[in-house]
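A.B. asks: Here are the chains, one letter per residue:
Protein chains: 4
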Amino acid sequence: MNSRVEEPVRTYSYLGPAGTFTEAALAQVPEARGQNWRPVRNVGEALDDVVSGRSDAAMIAIENSVDGGVSTTQDALATMPGLRIVGEYLVPVQFVLVGKPGATLADVSVIAAHPVAYAQCLIWLGQSLPEHAHVPSSSNVTAALDMLDGVGGADAAIAPPGILEHHDLQLLADNIGDNPKAVTRFVLVSRTVAPPSPTGADKTSLIVELPDDHPGALLDMLEQFATRGINLSLLASRPIGDELGRYRFVVDADGHVFDERMADALLGLRRFSPQVVFLGSYPRADHAIVHYPSRYSDDVFVEARDWLRGLISGEPGE
Amino acid sequence: MNSRVEEPVRTYSYLGPAGTFTEAALAQVPEARGQNWRPVRNVGEALDDVVSGRSDAAMIAIENSVDGGVSTTQDALATMPGLRIVGEYLVPVQFVLVGKPGATLADVSVIAAHPVAYAQCLIWLGQSLPEHAHVPSSSNVTAALDMLDGVGGADAAIAPPGILEHHDLQLLADNIGDNPKAVTRFVLVSRTVAPPSPTGADKTSLIVELPDDHPGALLDMLEQFATRGINLSLLASRPIGDELGRYRFVVDADGHVFDERMADALLGLRRFSPQVVFLGSYPRADHAIVHYPSRYSDDVFVEARDWLRGLISGEPGE
Amino acid sequence: MNSRVEEPVRTYSYLGPAGTFTEAALAQVPEARGQNWRPVRNVGEALDDVVSGRSDAAMIAIENSVDGGVSTTQDALATMPGLRIVGEYLVPVQFVLVGKPGATLADVSVIAAHPVAYAQCLIWLGQSLPEHAHVPSSSNVTAALDMLDGVGGADAAIAPPGILEHHDLQLLADNIGDNPKAVTRFVLVSRTVAPPSPTGADKTSLIVELPDDHPGALLDMLEQFATRGINLSLLASRPIGDELGRYRFVVDADGHVFDERMADALLGLRRFSPQVVFLGSYPRADHAIVHYPSRYSDDVFVEARDWLRGLISGEPGE
Amino acid sequence: MNSRVEEPVRTYSYLGPAGTFTEAALAQVPEARGQNWRPVRNVGEALDDVVSGRSDAAMIAIENSVDGGVSTTQDALATMPGLRIVGEYLVPVQFVLVGKPGATLADVSVIAAHPVAYAQCLIWLGQSLPEHAHVPSSSNVTAALDMLDGVGGADAAIAPPGILEHHDLQLLADNIGDNPKAVTRFVLVSRTVAPPSPTGADKTSLIVELPDDHPGALLDMLEQFATRGINLSLLASRPIGDELGRYRFVVDADGHVFDERMADALLGLRRFSPQVVFLGSYPRADHAIVHYPSRYSDDVFVEARDWLRGLISGEPGE
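These protein sequence lines are chains A, B, C and D, in that order.
With this note's numbering applied, the first sequence closes on residue 347, and no number is skipped along the way.
With this note's numbering applied, the second sequence closes on residue 347, and no number is skipped along the way.
With this note's numbering applied, the third sequence closes on residue 347, and no number is skipped along the way.
With this note's numbering applied, the fourth sequence closes on residue 347, and no number is skipped along the way.
Be careful, since some hints might not be right.
Pairs involving identical chains hold if they fit within one copy or between any two copies, as the list cannot separate such chains.
Below 25 Å or equal to it, Euclidean Cα-Cα: the simulated DMTMM-like pairs (lysine to aspartate or glutamate) are [what the hints assert, rightly or not]: (1) Lys129 - Glu74; (2) Lys129 - Asp328; (3) Lys129 - Asp77; (4) Lys129 - Asp207; (5) Lys210 - Asp241; (6) Lys210 - Asp315; (7) Lys129 - Glu194; (8) Lys210 - Glu194; (9) Lys210 - Asp197.
For the record, the hints were derived by calculation from the structure and aren't laboratory data.
Just so you know, these numbers come straight off a predicted model, no measurement behind them.
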């Protein structure tokens with residue numbers, strides 16, 4: 030008889046197939062090792078898995094240092110309730126150009142590539158293959174596999190370097206990305222849970238709508254942060270989608286909701302905005318300690334509350 | 030045997046002698062009727078009475094609509110601990126020119142007057158008595174009494190109209206003030222007590238020092254109010270006194286410390302400023318209801334706190 | 030003998046082939062009628078045509094009401110010198126699902142679609158064809174043509190309604206877009222020229238970099254507009270691309286550079302920012318007259334300059 | 030025959046009689062040496078002399094480091110047109126207590142003093158002569174002379190130390206001022222002239238009214254300075270005088286109207302405010318060089334104008 034308690038297996042959704050940058054991001058999650066990894070075809074499917082309970086968490090790309098915010102991810106997080114970001118991961122983005130076994134660069138005229146990957150190799154392509162045509166693919170790995178299978182008519186594909194370990198492909202060129210420091214930022218998303226404990230190197234992600242379209246509404250929103258010494262590492266606008274000119278804002282702010290100054294800023298935002306979605310407070314991938322002026326430290330907030338309590342009860346107001 | 034409980038007599042200090050505008054202000058206080066009124070010679074003495082316990086409260090002038098803030102009052106409130114403003118009163122300021130019985134305007138060459146009163150009659154004096162000389166007095170009533178007694182060499186005095194009821198004086202001219210709508214604002218000051226209940230028509234008085242002398246410190250201070258929809262009815266600067274160019278600010282803000290938005294602004298000020306003196310929240314003399322945008326109402330603050338509590342505990346952040 | 034002067038033929042580049050939304054935008058340009066229309070495959074090619082002189086102007090999509098800013102366009106305008114926006118055009122975005130002649134909706138399993146078009150039909154697709162797979166295409170028209178040709182393996186395509194006039198396709202479903210009010214905004218770009226005259230209903234497009242990464246830099250930038258009564262209709266961030274967390278901002282501001290307040294705001298921006306790209310002032314597609322507080326009108330600026338000139342020369346300063 | 034051209038004698042008004050702090054300020058003006066010095070009895074008379082042409086300039090006290098702004102001076106400058114500040118001077122403020130020849134401190138019960146001087150000796154008086162009474166005087170020298178003459182009933186007077194050189198008085202106590210670093214700031218006022226050349230250590234004095242009584246009007250005014258890197262050394266409010274709660278602001282700003290950033294701030298103020306009185310740009314008494322961020326230097330303004338001119342004419346906007 031075996032009295033050992035079995036840990037239930039956890040399931041993680043990610044943009045597949047094996048070999049994608051998303052898989053590389055998931056590989057950075059210690060808790061995910063040895064668990065069930067579920068490849069999906071797009072971000073919506075990944076988040077649906079989480080909401081429906083098919084998966085415990087999903088790894089999704091949220092921003093690329095060259096191409097910018099991943100708009101489908103930002104829009105999905107803005108509109109799907111019940112989700113929370115619990116971790117952040119960075120994956121360096123390198124690209125190779127691959128062909129079928131035996132191919133040479135001179136043979137290439139049609140290139141399959143995910144549009145984001147394609148956009149990051151434009152300089153190299155313009156110099157090395159000025160006459161090429163582009164066939165878009167749904168993932169960096171699919172581009173190569175379809176090319177191998179003859180689907181789509183491409184004779185080369187842009188792919189992550191790791192693909193060469195999984196498939197029989199001809200390397201035609203490596204390091205073809207325009208920016209050698211390119212990196213993609215991923216977040217791990219779970220169902221709504223309490224935020225993980227602060228580490229001192231945290232960020233807080235929010236989606237904020239502005240009250241109305243007057244010249245100062247965005248200013249007012251930003252002042253909620255500035256007036257508490259909080260730096261923003263990301264401010265992106267996304268159309269709300271009902272008509273041109275209406276936007277919501279995706280905000281990454283330095284610090285954790287358990288920090289007094291961040292909690293106070295969230296209160297200010299909530300009072301100000303018709304809609305604030307709290308996406309989570311979680312450790313930063315770069316582990317950079319958040320610095321802020323000492324007058325925004327927790328003890329200053331606590332002391333001020335004590336002072337206010339005293340003067341309301343009739344103690345001297347100094 | 031008499032079982033009646035004797036109410037202890039309360040003492041109120043005010044700038045005397047009888048007949049001053051300050052006495053007129055004190056006459057507006059229902060609780061002061063039939064109590065002990067203690068005339069004093071200056072604001073410092075009045076506030077000392079309160080701090081030392083000789084008086085229960087003091088009525089002091091704090092601002093004149095023509096001459097501006099009463100600087101000795103503002104400075105005393107900024108530096109004497111243990112005081113709190115509990116009420117505000119307005120007294121219309123009218124002046125008469127008086128002489129000895131039998132005198133005529135043509136006889137007047139030297140005029141006794143408190144400097145503030147003198148400053149408010151300059152237009153009339155310039156037109157009617159361009160050749161006069163001025164002898165300053167320590168109060169509006171003293172000016173007339175000294176003139177009657179032959180002290181100081183004046184042959185006329187500027188005085189409040191009520192003085193004619195108390196003393197045998199010749200009215201030489203009335204309504205000689207430059208501004209027929211002139212008014213002086215008084216405050217009733219007690220030892221530190223809990224603020225009176227909000228009435229909806231309240232103001233909050235503060236003394237605030239700025240953290241340092243950078244271009245934006247005052248801006249930052251004002252934003253603590255503006256960002257919570259709080260209007261300021263008074264902002265005056267007073268030298269701290271240690272060197273030129275260092276000021277503290279006297280602030281009257283619309284609303285009561287029991288209003289959520291005001292409490293929140295005070296917290297912001299306290300965190301920001303090296304020194305905030307809370308002088309009190311009390312009913313406005315003009316009984317003007319404080320209006321503010323509905324997004325700064327108490328329920329918005331309460332709702333935001335509930336929301337924050339929910340998302341910290343792991344509920345969906347929307 | 031014929032003295033008639035021949036107008037030279039003008040060339041306009043646009044994302045082809047015939048039938049795209051971009052072509053519909055170009056059809057709105059009166060001056061382009063009867064001229065040479067040059068279909069190209071992507072935005073970079075279109076702008077290259079202009080810079081190199083192959084074309085006189087290019088029509089390019091810059092923003093979609095559902096999908097947001099067209100990042101390749103924004104990035105190209107930010108980094109390619111010598112371009113200027115001279116006009117703005119709106120095209121309603123409607124989609125149809127088409128198949129080969131004789132096909133039915135029940136036959137569809139693989140759908141070809143440009144990724145932006147695909148993203149705008151997700152609701153309908155999720156309800157009507159939940160099991161479908163997606164093959165990305167490089168344009169809305171190419172998707173249908175490739176499907177007709179059997180390239181890419183799709184058995185249906187998402188396309189603009191106009192395509193049915195040009196090609197023998199089976200209409201499987203119409204109005205499949207998620208938002209019936211969806212619209213795409215296009216701009217007409219020429220080489221650098223003086224701005225067209227103000228119409229009263231103009232906008233000014235800019236790319237602005239922030240001086241450094243302190244909490245208030247974006248606030249400072251926005252204040253350059255707010256403090257002159259200028260409303261922003263667009264504020265989008267785009268990564269500069271050198272490292273994560275560095276952004277430039279795409280700004281559309283209401284008004285024309287020939288308006289005093291806009292010229293003054295541009296001066297303020299230029300002094301503040303390490304890099305401001307002026308993309309142009311041009312008539313708004315919606316012809317909405319720009320309203321602004323009267324204190325920001327041209328005559329107020331002119332009067333203030335006269336006043337300053339007077340006081341520098343020694344005239345009274347009032 | 031004498032060909033020498035006679036310099037016309039210049040007349041300077043100052044608060045007399047000889048021995049006042051104002052005379053000490055006038056003694057700091059090199060151009061005033063050997064000219065005609067005209068003692069007057071108050072600030073209004075001094076400024077009237079200038080406006081009417083009786084004097085070329087007037088020296089007037091504008092601020093005391095302990096007592097604050099001299100409100101009569103501030104109000105006169107705000108309302109009398111045709112004046113301009115051309116210089117600033119600082120006089121250390123020390124006080125002595127004097128009596129009639131042969132008197133001792135023990136004899137003193139009534140003290141004559143100008144109210145501002147009296148206010149600066151309260152600590153010493155409270156400790157050394159707690160039982161004294163105060164008789165106000167119109168100047169620091171008049172207090173002593175009246176006491177000598179037996180006018181006003183005082184048996185001692187507070188006076189500047191220099192008075193002992195002019196009059197036969199008994200020194201009863203010296204250094205009786207509460208603040209050994211007390212200083213009074215004076216300005217030299219002429220009829221409106223072009224500002225003196227910048228020295229790099231200048232200040233600019235203004236009187237500004239706010240457009241209306243909304244929470245942000247003062248904020249908007251201060252931003253005109255902050256957004257151009259201009260520090261304020263003085264911000265004082267003065268009642269406009271028509272009703273309680275309406276103020277104008279007295280502003281001293283670091284820099285000269287010939288500095289681009291200051292001229293630009295004045296333009297912004299003028300556009301914003303219903304009333305701006307330019308009182309002058311003049312060298313600071315403390316000769317402190319004005320420091321400001323380099324991005325507000327003149328060349329940045331000039332460069333921005335060149336850039337704007339270029340893009341309006343059709344040059345590339347970068």
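A.B. asks: Looking back at the numbered hints, which does the structure fail to meet, lowest number first?
C.D. replies: Per hint list: 1, 2, 3 and 9 violated.
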